[in-house]
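Protein chains in written order, with this note's numbering: chain A, 2 to 111; chain B, 109 to 221.
There's no promise every hint is true.
In silico DMTMM-like links for lysine to aspartate or glutamate, alpha-carbon gap of 25 Å or less [as the list claims (entries may be wrong)]:
#1 A/LYS38 to B/GLU209
#2 B/LYS119 to A/GLU40
#3 A/LYS69 to B/GLU209
#4 A/LYS38 to A/ASP50
#5 A/LYS43 to A/ASP56
#6 B/LYS122 to B/GLU209
#7 B/LYS122 to B/GLU160
#8 A/LYS43 to B/GLU214
#9 B/LYS119 to B/GLU193
#10 B/LYS165 to B/GLU176
#11 A/LYS57 to A/ASP18
#12 A/LYS43 to B/GLU176
#13 B/LYS122 to B/GLU179
#14 A/LYS57 to B/GLU209
#15 A/LYS72 to A/GLU16
#16 A/LYS69 to A/GLU40
#17 A/LYS38 to A/ASP18
#18 A/LYS43 to B/ASP132
#19 A/LYS43 to B/GLU193
#20 A/LYS38 to B/GLU214
#21 B/LYS122 to B/ASP171
#22 A/LYS72 to B/GLU176
#23 A/LYS43 to B/GLU152
#24 B/LYS165 to B/ASP132
#25 B/LYS122 to B/ASP164
#26 A/LYS72 to B/GLU152
#27 A/LYS43 to B/GLU209
#28 B/LYS119 to B/GLU214
#29 B/LYS165 to B/GLU214
#30 B/LYS186 to B/GLU176
#31 B/LYS119 to B/GLU209
#32 B/LYS119 to B/ASP132
#33 A/LYS38 to B/ASP171
#34 B/LYS186 to B/GLU152
#35 A/LYS38 to B/GLU176
A few chain B residues that face chain A, going by a derived Cβ cut-off under 10 Å, partial list only [to be verified]:
#36 ALA110
#37 VAL112
#38 HIS137
#39 PHE141
#40 GLY148
In case anyone wonders, no lab produced these hints; they're calculated from the structure.
For clarity, every value in this text was computed on a predicted model and none was experimentally measured.
Even for Gly, the Cβ is constructed at its ideal location relative to N, Cα and C.
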Amino acid sequence: GESVGLHLPTLSVQEGDNSIINCAYSNSASDYFIWYKQESGKGPQFIIDIRSNMDKRQGQRVTVLLNKTVKHLSLQIAATQPGDSAVYFCAAPSSYKLIFGSGTRLLVRP
Amino acid sequence: GAGVSQSPRYKVAKRGQDVALRCDPISGHVSLFWYQQALGQGPEFLTYFQNEAQLDKSGLPSDRFFAERPEGSVSTLKIQRTQQEDSAVYLCASSASSSGELFFGEGSRLTVL
Numbered sequence: 002g003e004s005v006g007l008h009l010p011t012l013s014v015q016e017g018d019n020s021i022i023n024c025a026y027s028n029s030a031s032d033y034f035i036w037y038k039q040e041s042g043k044g045p046q047f048i049i050d051i052r053s054n055m056d057k058r059q060g061q062r063v064t065v066l067l068n069k070t071v072k073h074l075s076l077q078i079a080a081t082q083p084g085d086s087a088v089y090f091c092a093a094p095s096s097y098k099l100i101f102g103s104g105t106r107l108l109v110r111p
Numbered sequence: 109g110a111g112v113s114q115s116p117r118y119k120v121a122k123r124g125q126d127v128a129l130r131c132d133p134i135s136g137h138v139s140l141f142w143y144q145q146a147l148g149q150g151p152e153f154l155t156y157f158q159n160e161a162q163l164d165k166s167g168l169p170s171d172r173f174f175a176e177r178p179e180g181s182v183s184t185l186k187i188q189r190t191q192q193e194d195s196a197v198y199l200c201a202s203s204a205s206s207s208g209e210l211f212f213g214e215g216s217r218l219t220v221l
């Protein structure tokens, strides 16, 4: 089955800097990945997704990179803002279920 | 409302008590999921409904956990004889199809004393 994991439990960045959150996965057959943001006291919220036929996908201030060779993906947040403070999860579907990593807490310093 | 609604938001139970957690999915969403999120961890799958049919309950930790969705809309997760290890946030999510985007509720935080 699939397993996903995140590299760092906590990431602290200065407001305005770029943030990079990493994730590794185990199943080379996985073809779809999703990043979620979870603010305190709320449920996970979809940020961006990527399919395995792509290496990169961009959204508003966010970019996801997928390296299938080393089974690694990253979420890049440009010009990090206080409102970006949250826990970020990568997730991969296993059939209809989502398998989540353990999350990285992003702290934004003023 | 437009989103997934869960109640209660917070529940404190004494060990051994039964609890019931409710989920109102987005109207018209066929698929409904329950996830359990322990402190500091990612959500873990509990069970999946398509309409009123419970197609997968493989993630339920024990036979003390029971979920239903009798009319294919509102769902209830029931935990009997709660134990301290049941303390977690229970997340409900719905989607228009089994492979569609998942929308999560804010969760029900259960604390078992």
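Taking the hints in turn, this is what the structure says about them:
1. With a CA separation close to 14 Å, the supplied pair A/LYS38 and B/GLU209 stays within the 25 Å bound.
2. Straight-line distance between C-alpha atoms of B/LYS119 and A/GLU40 comes to about 20 Å, which keeps the hinted pair within the 25 Å bound.
3. Straight-line distance between C-alpha atoms of A/LYS69 and B/GLU209 comes to about 23 Å, which keeps the hinted pair within the 25 Å bound.
4. Taken as a hint, the A/LYS38 and A/ASP50 pair is honoured in the structure, with Cα atoms around 12 Å apart against an allowance of 25 Å.
5. Straight-line distance between C-alpha atoms of A/LYS43 and A/ASP56 comes to about 30 Å, which puts the hinted pair past the 25 Å bound.
6. As the CA atoms of B/LYS122 and B/GLU209 are separated by approximately 36 Å, the hinted pair breaks the 25 Å bound.
7. Proximity of B/LYS122 to B/GLU160 is assessed by CA-CA distance (about 31 Å); at most 25 Å being required, the pair is judged violated.
8. Between the alpha carbons of A/LYS43 and B/GLU214 the distance comes to roughly 4 Å, so the proposed pair stays at or under 25 Å and holds.
9. Between B/LYS119 and B/GLU193 the alpha-carbon distance is near 14 Å, which keeps this suggested pair within the 25 Å criterion.
10. The hinted pair formed by B/LYS165 and B/GLU176 meets the criterion: a straight-line CA distance of about 11 Å does not exceed 25 Å.
11. This hinted pair checks out: A/LYS57 and A/ASP18 have alpha carbons roughly 20 Å apart, not beyond 25 Å.
12. Distance hint between A/LYS43 and B/GLU176 is fulfilled; the C-alpha atoms sit about 23 Å from each other, no more than 25 Å.
13. Using a Cα cut-off of 25 Å, the hinted pair B/LYS122 and B/GLU179 is violated, with the two alpha carbons roughly 31 Å apart.
14. Only pairs whose Cα atoms come within 25 Å are accepted, and A/LYS57 paired with B/GLU209 is accepted, the gap being roughly 20 Å.
15. Annotation: proposed proximity of A/LYS72 to A/GLU16 is violated, straight-line Cα distance about 30 Å (limit 25 Å).
16. Between the alpha carbons of A/LYS69 and A/GLU40 the distance comes to roughly 29 Å, so the proposed pair goes past 25 Å and is violated.
17. For the hint pairing A/LYS38 with A/ASP18, the CA-to-CA distance comes to about 18 Å; that is within 25 Å, so the pair holds.
18. A threshold of 25 Å between alpha carbons decides the hint, and for A/LYS43 with B/ASP132 the separation of about 16 Å falls inside it, so the pair holds.
19. With a CA separation close to 21 Å, the supplied pair A/LYS43 and B/GLU193 stays within the 25 Å bound.
20. With a CA separation close to 12 Å, the supplied pair A/LYS38 and B/GLU214 stays within the 25 Å bound.
21. Between B/LYS122 and B/ASP171, the direct Cα distance comes to roughly 19 Å. Compliance with the 25 Å bound is thereby established for this hinted pair.
22. Straight-line distance between C-alpha atoms of A/LYS72 and B/GLU176 comes to about 37 Å, which puts the hinted pair past the 25 Å bound.
23. Pair hint A/LYS43 plus B/GLU152 holds up; C-alpha atoms about 16 Å apart against a cutoff of 25 Å.
24. Restraint check: the Cα-Cα separation between B/LYS165 and B/ASP132 comes to about 19 Å, which is no more than 25 Å; the hinted pair holds.
25. With a C-alpha separation of about 29 Å, the suggested pairing of B/LYS122 with B/ASP164 is violated against the 25 Å cut-off.
26. Using a Cα cut-off of 25 Å, the hinted pair A/LYS72 and B/GLU152 holds, with the two alpha carbons roughly 21 Å apart.
27. The hinted pair formed by A/LYS43 and B/GLU209 meets the criterion: a straight-line CA distance of about 17 Å does not exceed 25 Å.
28. Distance restraint check for B/LYS119 and B/GLU214: the Cα-Cα separation of roughly 14 Å lies within the 25 Å cut-off, and the hinted pair is therefore satisfied.
29. The suggested pairing of B/LYS165 with B/GLU214 holds, with an alpha-carbon distance near 22 Å, which does not exceed 25 Å.
30. The suggested pairing of B/LYS186 with B/GLU176 holds, with an alpha-carbon distance near 8 Å, which does not exceed 25 Å.
31. A threshold of 25 Å between alpha carbons decides the hint, and for B/LYS119 with B/GLU209 the separation of about 28 Å lies outside it, so the pair is violated.
32. Restraint check for B/LYS119 and B/ASP132: satisfied, since their Cα atoms lie roughly 17 Å apart, inside the 25 Å limit.
33. Among the hinted pairs, A/LYS38 with B/ASP171 is inconsistent with the structure: their alpha-carbon atoms are about 32 Å apart, more than 25 Å.
34. This hinted pair checks out: B/LYS186 and B/GLU152 have alpha carbons roughly 17 Å apart, not beyond 25 Å.
35. Annotation: proposed proximity of A/LYS38 to B/GLU176 is violated, straight-line Cα distance about 28 Å (limit 25 Å).
36. The beta carbon of B/ALA110 is not positioned within 10 Å of any beta carbon in chain A (closest approach about 14 Å), and the interface hint is therefore violated.
37. A distance limit of 10 Å between C-beta atoms decides the matter here; for B/VAL112 the minimum to chain A is near 7 Å, and the interface restraint holds.
38. At its closest, the beta carbon of B/HIS137 sits 13 Å from a beta carbon of chain A; the interface hint therefore is violated under the 10 Å criterion.
39. Interface restraint check for B/PHE141: the shortest CB-CB distance to chain A comes to about 8 Å, inside 10 Å, so the restraint holds.
40. Nearest Cβ of chain A to the Cβ of B/GLY148: about 8 Å, under the 10 Å cut. The hint holds.
Comparing the model with each numbered hint stated earlier shows that hints 5, 6, 7, 13, 15, 16, 22, 25, 31, 33, 35, 36 and 38 do not hold.
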